[in-house]
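Please build the complete structure, drawing on both the sequences and the hints.
Here the sequence shown is numbered in the UniProt record's numbering, starting from 1 and rising by one per residue.
If you are wondering where the hints come from, they were derived from the structure by calculation, not from laboratory data.
Ranges between beta-carbon positions, derived for each pair:
#1 Asn155 - Ser55: 33 to 43 Å
#2 Leu221 - Asp30: 20 to 30 Å
#3 Asp92 - Ala133: 30 to 40 Å
#4 Asn131 - Gly79: 38 to 48 Å
#5 Ser55 - Arg152: 31 to 41 Å
#6 Gln64 - Arg170: 13 to 23 Å
#7 Glu195 - Gly35: 33 to 43 Å
#8 His157 - Arg67: 17 to 27 Å
#9 Tyr154 - Arg175: 33 to 43 Å
For every residue, glycine included, the Cβ atom is placed at its ideal position computed from N, Cα and C.
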Amino acid sequence: MTEFKAKPPVGIDATGASTEGASVYELIRDDIIEGRLRANERLVVADLAQRHGTSTNPVREALQLLRGEGFVIFAPNRGARVRPIDQDFVRDIYEIGVLIEPALTRWFVGMATQEDIVELERIQRLIEENNFADQLRHSELDTAFHTVMYERHYNRHAAELWWKHREVLRAVSRRFNFTLSRRAQVLRDHRELIELIKAGEADKAAELVARHVEGSGRHILEQMRAASAARAG
Numbered sequence: 001m002t003e004f005k006a007k008p009p010v011g012i013d014a015t016g017a018s019t020e021g022a023s024v025y026e027l028i029r030d031d032i033i034e035g036r037l038r039a040n041e042r043l044v045v046a047d048l049a050q051r052h053g054t055s056t057n058p059v060r061e062a063l064q065l066l067r068g069e070g071f072v073i074f075a076p077n078r079g080a081r082v083r084p085i086d087q088d089f090v091r092d093i094y095e096i097g098v099l100i101e102p103a104l105t106r107w108f109v110g111m112a113t114q115e116d117i118v119e120l121e122r123i124q125r126l127i128e129e130n131n132f133a134d135q136l137r138h139s140e141l142d143t144a145f146h147t148v149m150y151e152r153h154y155n156r157h158a159a160e161l162w163w164k165h166r167e168v169l170r171a172v173s174r175r176f177n178f179t180l181s182r183r184a185q186v187l188r189d190h191r192e193l194i195e196l197i198k199a200g201e202a203d204k205a206a207e208l209v210a211r212h213v214e215g216s217g218r219h220i221l222e223q224m225r226a227a228s229a230a231r232a233g
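Structural data, given as structure tokens:
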């Protein structure tokens, strides 16, 4: 199967970091998400540099990026520590998406070209062919689907915020499987969204995207609650 890698919108650096800083950022972020770095654990720059075979400057750069995304907390005279990835954290992230994405979608509907429609339909075919068998591939394709809609938006700050928050949710959601009902809803939403874009129904498309984003966020929260209950039991 051909590898499909989602890319950030044109003109947006996924991290805003140097190459080495971005690499260390991804490694530390994955360690936090996968639990190798535990909630409230201190993050010592020298230790992290040794762990990842780099100098201290990329680690400091990475920690500042992670601080900006909420993964890391800095306390006066105590340095950096891991922020617990709890339900409040996920809720805050997806609620921002519920506010931003409808506005981006409404704009896109007004300027979408036939080429855009063709590309959305192509990616949707790949999504349905994969049918969640490879969840990483689904995540990449789903991100690419929405990137088609947002990548040319004039408000680069909004597009960048969308991308960074989506990357956070994508990273967190890797720990969980899609329920059958959520899988079906995602496919229905995408099909309906394409039809609304074709029809030029900007307001209806924006309303659908708001429901879609909220549904994704709530699904992650439900999975987190279930995992917490299982651990407690």
